[in-house]
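Could you put together the complete structure from these sequences and hints?
First to last, the sequence lines map onto chains A and B. Residue numbers for the first sequence follow the working numbering, beginning at 10 and rising by one. Residue numbers for the second sequence follow the working numbering, beginning at 10 and rising by one.
Read the hints as simulated data drawn from the structure, not as lab findings. Please note: incorrect hints may appear among the correct ones.
Because identical chains share one entry, a pair is satisfied inside a single copy or across any pair of copies.
What the hints assert, rightly or not - The list that follows gives simulated cross-link-like pairs (lysine to aspartate or glutamate, EDC-like), each with its CA atoms no further than 16 Å apart: (1) 438 to 485; (2) 216 to 286; (3) 45 to 323; (4) 109 to 468; (5) 12 to 76; (6) 140 to 228; (7) 326 to 337; (8) 392 to 370; (9) 45 to 230; (10) 139 to 213; (11) 216 to 357; (12) 45 to 282; (13) 45 to 286; (14) 449 to 460; (15) 45 to 228; (16) 109 to 403; (17) 438 to 286; (18) 109 to 230; (19) 326 to 124.
Because the structure is a prediction, the values reported are computed rather than measured.
Residues per chain, in single letters:
2 protein chains.
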Amino acid sequence: MGKQYDRMLTIQQEVSDINGALALMGWDQETYMPAKGASTRGRQLATLSGIAHERFTSTEMGSAIEEAGSEELTVDQQVNQRELAWTYSRSKRLPTALVKDLAETSSIAIQAWRDARENSDFPAFVPHVKKLLALQTQVAEAIGYAEEPYDALLEDYEPGTSTREIAETFEALRTPLVALVDRIRESGVSPRTDFLERSYPIEDQRKFGVMVTERMGFDYEAGRLDISAHPFCTHTGVHDVRMTTRYTPTLPTQSLFGIIHEAGHGLYEQGQDPSFEGLPRAQAVSLGIHESQSRMWENLVGRSRPFWNHFFPEIVKTFPEQLSDVSEEEFYAAINNVTPSLIRVEADEVTYNLHILLRFEIERGLFTGTFAVEDLPAVWNEKMQDYLGIAPDDNREGVLQDIHWSYGSFGYFPTYSLGNLYASQFFAKACADIPDLTDKISSGNLLPLREWLRTHIHDLGMTYRASDLVVQVTGEPLNADYFVSYLNEKFGALYGL
Amino acid sequence: MGKQYDRMLTIQQEVSDINGALALMGWDQETYMPAKGASTRGRQLATLSGIAHERFTSTEMGSAIEEAGSEELTVDQQVNQRELAWTYSRSKRLPTALVKDLAETSSIAIQAWRDARENSDFPAFVPHVKKLLALQTQVAEAIGYAEEPYDALLEDYEPGTSTREIAETFEALRTPLVALVDRIRESGVSPRTDFLERSYPIEDQRKFGVMVTERMGFDYEAGRLDISAHPFCTHTGVHDVRMTTRYTPTLPTQSLFGIIHEAGHGLYEQGQDPSFEGLPRAQAVSLGIHESQSRMWENLVGRSRPFWNHFFPEIVKTFPEQLSDVSEEEFYAAINNVTPSLIRVEADEVTYNLHILLRFEIERGLFTGTFAVEDLPAVWNEKMQDYLGIAPDDNREGVLQDIHWSYGSFGYFPTYSLGNLYASQFFAKACADIPDLTDKISSGNLLPLREWLRTHIHDLGMTYRASDLVVQVTGEPLNADYFVSYLNEKFGALYGL
Numbered sequence: 010m011g012k013q014y015d016r017m018l019t020i021q022q023e024v025s026d027i028n029g030a031l032a033l034m035g036w037d038q039e040t041y042m043p044a045k046g047a048s049t050r051g052r053q054l055a056t057l058s059g060i061a062h063e064r065f066t067s068t069e070m071g072s073a074i075e076e077a078g079s080e081e082l083t084v085d086q087q088v089n090q091r092e093l094a095w096t097y098s099r100s101k102r103l104p105t106a107l108v109k110d111l112a113e114t115s116s117i118a119i120q121a122w123r124d125a126r127e128n129s130d131f132p133a134f135v136p137h138v139k140k141l142l143a144l145q146t147q148v149a150e151a152i153g154y155a156e157e158p159y160d161a162l163l164e165d166y167e168p169g170t171s172t173r174e175i176a177e178t179f180e181a182l183r184t185p186l187v188a189l190v191d192r193i194r195e196s197g198v199s200p201r202t203d204f205l206e207r208s209y210p211i212e213d214q215r216k217f218g219v220m221v222t223e224r225m226g227f228d229y230e231a232g233r234l235d236i237s238a239h240p241f242c243t244h245t246g247v248h249d250v251r252m253t254t255r256y257t258p259t260l261p262t263q264s265l266f267g268i269i270h271e272a273g274h275g276l277y278e279q280g281q282d283p284s285f286e287g288l289p290r291a292q293a294v295s296l297g298i299h300e301s302q303s304r305m306w307e308n309l310v311g312r313s314r315p316f317w318n319h320f321f322p323e324i325v326k327t328f329p330e331q332l333s334d335v336s337e338e339e340f341y342a343a344i345n346n347v348t349p350s351l352i353r354v355e356a357d358e359v360t361y362n363l364h365i366l367l368r369f370e371i372e373r374g375l376f377t378g379t380f381a382v383e384d385l386p387a388v389w390n391e392k393m394q395d396y397l398g399i400a401p402d403d404n405r406e407g408v409l410q411d412i413h414w415s416y417g418s419f420g421y422f423p424t425y426s427l428g429n430l431y432a433s434q435f436f437a438k439a440c441a442d443i444p445d446l447t448d449k450i451s452s453g454n455l456l457p458l459r460e461w462l463r464t465h466i467h468d469l470g471m472t473y474r475a476s477d478l479v480v481q482v483t484g485e486p487l488n489a490d491y492f493v494s495y496l497n498e499k500f501g502a503l504y505g506l
Numbered sequence: 010m011g012k013q014y015d016r017m018l019t020i021q022q023e024v025s026d027i028n029g030a031l032a033l034m035g036w037d038q039e040t041y042m043p044a045k046g047a048s049t050r051g052r053q054l055a056t057l058s059g060i061a062h063e064r065f066t067s068t069e070m071g072s073a074i075e076e077a078g079s080e081e082l083t084v085d086q087q088v089n090q091r092e093l094a095w096t097y098s099r100s101k102r103l104p105t106a107l108v109k110d111l112a113e114t115s116s117i118a119i120q121a122w123r124d125a126r127e128n129s130d131f132p133a134f135v136p137h138v139k140k141l142l143a144l145q146t147q148v149a150e151a152i153g154y155a156e157e158p159y160d161a162l163l164e165d166y167e168p169g170t171s172t173r174e175i176a177e178t179f180e181a182l183r184t185p186l187v188a189l190v191d192r193i194r195e196s197g198v199s200p201r202t203d204f205l206e207r208s209y210p211i212e213d214q215r216k217f218g219v220m221v222t223e224r225m226g227f228d229y230e231a232g233r234l235d236i237s238a239h240p241f242c243t244h245t246g247v248h249d250v251r252m253t254t255r256y257t258p259t260l261p262t263q264s265l266f267g268i269i270h271e272a273g274h275g276l277y278e279q280g281q282d283p284s285f286e287g288l289p290r291a292q293a294v295s296l297g298i299h300e301s302q303s304r305m306w307e308n309l310v311g312r313s314r315p316f317w318n319h320f321f322p323e324i325v326k327t328f329p330e331q332l333s334d335v336s337e338e339e340f341y342a343a344i345n346n347v348t349p350s351l352i353r354v355e356a357d358e359v360t361y362n363l364h365i366l367l368r369f370e371i372e373r374g375l376f377t378g379t380f381a382v383e384d385l386p387a388v389w390n391e392k393m394q395d396y397l398g399i400a401p402d403d404n405r406e407g408v409l410q411d412i413h414w415s416y417g418s419f420g421y422f423p424t425y426s427l428g429n430l431y432a433s434q435f436f437a438k439a440c441a442d443i444p445d446l447t448d449k450i451s452s453g454n455l456l457p458l459r460e461w462l463r464t465h466i467h468d469l470g471m472t473y474r475a476s477d478l479v480v481q482v483t484g485e486p487l488n489a490d491y492f493v494s495y496l497n498e499k500f501g502a503l504y505g506l
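Encoded structure:
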């Protein structure tokens, strides 16, 4: 093992330990921290982030990474060196003043966004978006990009991808999706969903969710499930993966699919190779690949007919009164009900991606100058009408609904839909590799899929970039065909198209 | 404000933020961390402790502290400079190799102690105690001391005190305590305690404990109560104070007094001046003073007649069936039952201190060479017989019962009894300052005492060292008289002496 590689590892291990502490502090903030602890916690998070950044961007780390690149390294070590070099180089190109300006601007913008959304007052939010847009343009210029500034921002979440690639992929998605939504609307089919509004005791919802995720192979000796206002999954290490969800007294499927979704993320983290803990070799490839795991479990498995073949009798046993007059068929139709709606996070599998396409097109247009910030409400509503056939009455339910832009997080949204596409393409390959996979799911045996994902994706960490990984695993580059076929087949059957 | 003082503050703020993260990680480890997370957590704790230590002992910090000492400072600033200088100077005198050796030795000794206790095999533990004793002697030599090496170790927990002072104070305690225990034994009085063995639902135990601590003024918007194997209280900041307790289905008073005890610690932390958060001016004076807060609330308030005048009807309301045949008098006698017993943590108010005196005498004797490590079981059992009239059949219930020595924590035990003495002396003064204090407690109004403690102790942070604080608050140095009088009066009445 190289001497410089070792030096690099020592520093990275320290940075990773600090990041583990930061993850715990972030988790605690959303779950157990007493209300009055917020301001001190904010300062502690800033201090520790600063120390981690300082150590990682030190010239000592820079020279260790660079010199390790000339040492004789194993393939795994090369992965660590390559990815740390990539991150280091990006971090170093960002002037400290710009990073600080961004943090301060977004901290103010988040509050401004909350107020603007409350009052449905987009003009009040405009100057903040403009400033963040200007700062993120500076970021893009500092980091550099091949074709357009948005490329540089995308790579924060999906390293190795480009705006053009995503645009092409999404382009292939838009027409079939809009057509499918239209056909579903015109089908006149409308499943009953009344029983989802009944009262489902929260403790039973939790138990059912835990049981399902245990079947998925989530290890509760190396993880937890807690409650927070906004569900998330985080980890302080490979053996400490923490999911959260929220419960309402009705809508048991909301918490259930939330838990399954987070457990998909959780399995990815628990599946990393512990001998590389804290190193790129044991880290997720990208947000898109991460999202492919959560969405595969939530949608391709959790909302599938084989899954409910086994779990419907179990959920009826858990909620006998609430589901006494419901057939498996009705239940399956209800959890797959497609209705164009205004709010992204409430959208179904089909319409969801149109919400994302719209945001991607707007973000890209902002950076190319095609759209002015002031015009976003009009652009938003027009695209909503085009894609989903509906438009919001006010901006609260339209352009102001998501928090992402107030963080300056341009380039994040596309990863949600990339996740759906990756998920379908991976799942098709898993089905090909394991011919009786759906039979197994049908009998409640979810572990073969977990094993397949572990071998082909989880255990590899960042060995391959996302676009290479998909080729490596499925034999072809990412494309929208698998996802479109999946939707057409599933919803064609459900809506008698 | 001085420029160097500012520099000192900036570094200390950073150290304190790391310490806040460490406190959270420690709390989480005992409460919510999944089992398999332990080894990574251990490494993260070590890394962050190392960073905090490195920053605090940097030459930059050293020169800032030193030069701040020549600047014109307010009284509060002087407190910060004085205490940081004291801690800095102690830290710098310890060779890094020695600190590391101690950490490694104690980490092995803790496991050895667990095994030795399990097997009641003291000889197996002997080499570890010897090594820790040798290392702590080196620590004492490195730090320096006035009269005997044990002085230097004591000051880790009780800054500004000395072995001789404590020995004199404890000397005044031993004879009256042993006499009181004898008289109680000879009294023939034996309160009924059968009802404490009944079944008390844990959720009701928790609710009752929370209710009582709310009455004490513990702010649950700035704190929490959770469950852990060994009760403790920690804080990540003035507004984030976390207590734990443990519950058994019987013995509701065990959890209740545990919660009241930890809330006494918690009120001390919540009562610090938030404008000095992270600085000595908003930190506890010493372990002894900290323990005075927990023991005052647990014993002088929580086990007092006035307290139960108000709370007995409330506990009967909470547990009507379990306490239906119990009078207030019987309940009060049961929770104050005095019985010489082998285990320190299960001891009553009277015998508890004899357990401590014994440990103090043994620790001191180890460092002066009066006792050899090999002889400790014999010394232990002889002293137990002398002080409490009983001796253990095996070392598990004797010399091996406590974890402290395996950590190398010699000098910690005395602070428990110092806490009892401080508590009585402070409480006597509070009663003098607030003439109707017991009437108020009698009517369930605990806030006047909390306010008195806040004003006279909590809010002062480290303004005074413990020995000065007690003079400042009560007008006289620490002495055993208040505690002895308190015990004689209370238990004289209870046992008809």
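Going down the list of hints, with the structure as the test:
1. 438 to 485: Close inside one copy (11 Å), not across copies (81 Å); limit 16 Å.
2. 216 to 286: neither (30 Å within a copy, 41 Å between copies)
3. 45 to 323: neither (42 Å within a copy, 30 Å between copies)
4. 109 to 468: The answer is neither: 36 Å in one copy and 35 Å across copies each exceed 16 Å.
5. 12 to 76: Classified as within: same-chain Cα gap 9 Å, cross-chain 41 Å, threshold 16 Å.
6. 140 to 228: neither (44 Å within a copy, 40 Å between copies)
7. 326 to 337: within (13 Å within a copy, 48 Å between copies)
8. 392 to 370: within (10 Å within a copy, 82 Å between copies)
9. 45 to 230: between (31 Å within a copy, 6 Å between copies)
10. 139 to 213: neither (47 Å within a copy, 55 Å between copies)
11. 216 to 357: Close neither inside one copy (25 Å) nor across copies (42 Å); limit 16 Å.
12. 45 to 282: Classified as between: cross-chain Cα gap 14 Å, same-chain 38 Å, threshold 16 Å.
13. 45 to 286: Between. Shortest inter-copy distance 14 Å satisfies the 16 Å Cα cut-off; intra-copy 34 Å does not.
14. 449 to 460: So residue 449 and residue 460 pass the 16 Å test inside one copy only (13 Å; across, 65 Å).
15. 45 to 228: between (33 Å within a copy, 10 Å between copies)
16. 109 to 403: neither (33 Å within a copy, 63 Å between copies)
17. 438 to 286: Neither: 28 Å inside a copy, 56 Å across copies.
18. 109 to 230: neither (39 Å within a copy, 31 Å between copies)
19. 326 to 124: The answer is neither: 45 Å in one copy and 47 Å across copies each exceed 16 Å.
Figure legend: structure checked against the earlier numbered hints; hints not met, in rising order: 2, 3, 4, 6, 10, 11, 16, 17, 18 and 19.
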